[in-house]
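**Q** Starting from the known structure of chain W, arrange chain D on it as the hints suggest.
From first to last, the protein sequence lines stand for chains W and D. So that you can map any letter, position 257 of the first sequence is 257 in the working numbering, and since no number is skipped, the others follow by simple counting. So that you can map any letter, position 50 of the second sequence is 50 in the working numbering, and since no number is skipped, the others follow by simple counting.
Please keep in mind that the hints were generated in silico from the structure rather than gathered at the bench. For each residue, glycine too, the CB sits at the ideal point set by N, CA and C. Check before you lean on any hint, since a few could be wrong.
Unchecked claim - Here are the simulated distance ranges between beta carbons:
| no. | chain 1 | residue 1 | chain 2 | residue 2 | range |
| --- | --- | --- | --- | --- | --- |
| 1 | D | 145 | W | 85 | 52 to 58 Å |
| 2 | D | 125 | W | 28 | 50 to 56 Å |
| 3 | D | 52 | W | 32 | 47 to 53 Å |
| 4 | D | 140 | W | 181 | 22 to 28 Å |
| 5 | W | 267 | D | 132 | 43 to 49 Å |
| 6 | W | 281 | D | 132 | 48 to 54 Å |
| 7 | D | 116 | W | 108 | 30 to 36 Å |
| 8 | D | 244 | W | 181 | 50 to 56 Å |
| 9 | D | 52 | W | 126 | 33 to 39 Å |
| 10 | D | 35 | W | 108 | 48 to 54 Å |
| 11 | W | 262 | D | 68 | 53 to 59 Å |
| 12 | W | 108 | D | 125 | 37 to 43 Å |
| 13 | D | 125 | W | 274 | 33 to 39 Å |
In case you want the letters, here they are:
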Amino acid sequence: MAQASDVLRERLPGPVGPTGGGWAAWPVGVRAAALALVLLAVGLGVWELLVRAQVLLPIMPAPSKVLARALAMLSDPFYVAGTNDVGIGWQLLSSLRRVATGFALAALVAVPLGFVIGMSAVAAKAVDPFVQVLRPVSPLAWLPMGLAVLQDSERTAVFVIFISAMWPIVLNTIFGVRQVPRTYVDIARIYNASAWTIIRRVLLPGALPSILTGLRISLGIAWLVIVAAEMLIGGRGIGYFVWNEWNNLDIASIIVCIGVIGAVGLGLDRLFGLLERAVAYAE
Amino acid sequence: MPSEASGVRPTPAVELRAVSKEFRVQGKPFRALDNVSLSVAPGEFVALIGPSGCGKSTLLNLVAGLELPTAGQVLCDGQPVRGPGADRGMVFQHHGLLPWMTAYDNVRFALDCVLRERSTAERDALARQYLQLVGLSGALHKRPSQLSGGMKQRVGLARAFAANPRVLLLDEPFAALDALTRATLQLALVQLWERERKTVLLVTHDIDEAIFLADRIVVFTHGPAATIRAALASPFPRPRDREALLEEPSYRALHRDLLAMLMAELAA
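Okay, chain W solo, but in the shape it has when bound:
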């Protein structure tokens, strides 16, 4: 089989050369895209067949029905038909606003905090046990405390996002500051640079790629957490929207939402990937 020998050729060392055209002659990217389309078609085909054969529960929609629902939902994302009956665009914007607020607050607190901790070996050691214990806690565990203290579901959602985003930024900022080679600081010290100059022109640019990595991870986690948080607190937002569609037994809507949540998450990640690359430096 052409594919099998192709796999062997990629894995095993040996002469690589023209193999007489055909599938193997196409560039890797084209072949990968073709394979992805085949996988998609097979997946959708099996799904459609299972629905028609009535193997799945009757509430499970066929792919064609999901596609039709996606077109309907995405063609008018910003309709308003009532307090809670609004388009998916509004739901997304509500979720994005909460994530942006919580994430921005977390960055404002976590970057300076991580910086201060990272500059002192004693502080880094002292704070470490707290971070290590708090970091593996699901941010949702903080939700009841948020409700109790803040007494407001909107602010609680932002608080939960703040907590989710906090730890990766703190940890990556600490790491970023600590991994700046001592010689870089010595260069600045040799030229009598002030502490503020060392922070601004040596430690900050040196740690920035790591800080951006922390921000990127945090944003990904915040986007994961907001869906669950909104299911619990209600109101407007993509998480509550998904929960609401479950109460309506509207699986097609839920599947469309899953796709949309994934696409927005991917977009956010790529955006921060670009920022990360912009501040990267090679030794």
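**A** Frame of chain W; chain D shown alone:
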């Protein structure tokens, strides 16, 4: 040399009086330098050679003020060293340039720190002038990752000289370079030094480099607790011609003596 008694002996540019330095390595004290005394005259070029790990770099860090001695005194122009100062410049072997800055910005950064009272235009002109002196006018806006090892060390030299320190500390600046690049960089250093006659302390483990560049060669014993074994003059008149020097019998004798001392230290 004027005698002690005449009282006209100038204040040494750098003086170490019975200096010892201990570090804590994994909780245990480690004595890098033991009872080192050294006096360097203004404008003198001194090379420090010795086995690896003999504390030569520690000595430079002490003079730079990046570290403070455990015992003894380090003086610059008769003043005790309490920390880094603009009167002392340094060229590092590794990580010598800030990688997120261009060659120009690396030099400007030092000038911005040291020459705060000068105008921006003056600092800009100085940075360009010294990068031109080391032959890097065409690479002003390249980042270190885009420069070869030799070009990086040229930027390091330009930065050190541009900041106009009285004492220049060079920590194996050419050790990582190939022989040909090293030779051209040595010439670049000599040219800058002949121009400005700064006091120089050069750490190296290259005997030829030490003889070719220095007025005096200080040999260290092996570490830990390294100290000075001997100090030999490199009495050849300047400007020195490398090839003529190699023909000189006294050069070969000096080279042989230094090599014998280093071998003895390795065997000890």
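**Q** The structure should be examined with respect to each hint, and the outcome stated for every one.
**A** Hints, one by one, checked against the model:
no.	hint	result
1	D:145 <-> W:85: 52 to 58 Å	holds, 56 Å
2	D:125 <-> W:28: 50 to 56 Å	holds, 52 Å
3	D:52 <-> W:32: 47 to 53 Å	holds, 51 Å
4	D:140 <-> W:181: 22 to 28 Å	holds, 24 Å
5	W:267 <-> D:132: 43 to 49 Å	holds, 47 Å
6	W:281 <-> D:132: 48 to 54 Å	violated, 25 Å
7	D:116 <-> W:108: 30 to 36 Å	holds, 31 Å
8	D:244 <-> W:181: 50 to 56 Å	violated, 41 Å
9	D:52 <-> W:126: 33 to 39 Å	holds, 37 Å
10	D:35 <-> W:108: 48 to 54 Å	holds, 53 Å
11	W:262 <-> D:68: 53 to 59 Å	holds, 57 Å
12	W:108 <-> D:125: 37 to 43 Å	holds, 40 Å
13	D:125 <-> W:274: 33 to 39 Å	holds, 37 Å
Violation of the numbered hints given earlier is confined to hints 6, 8; the remaining hints are satisfied by the structure.
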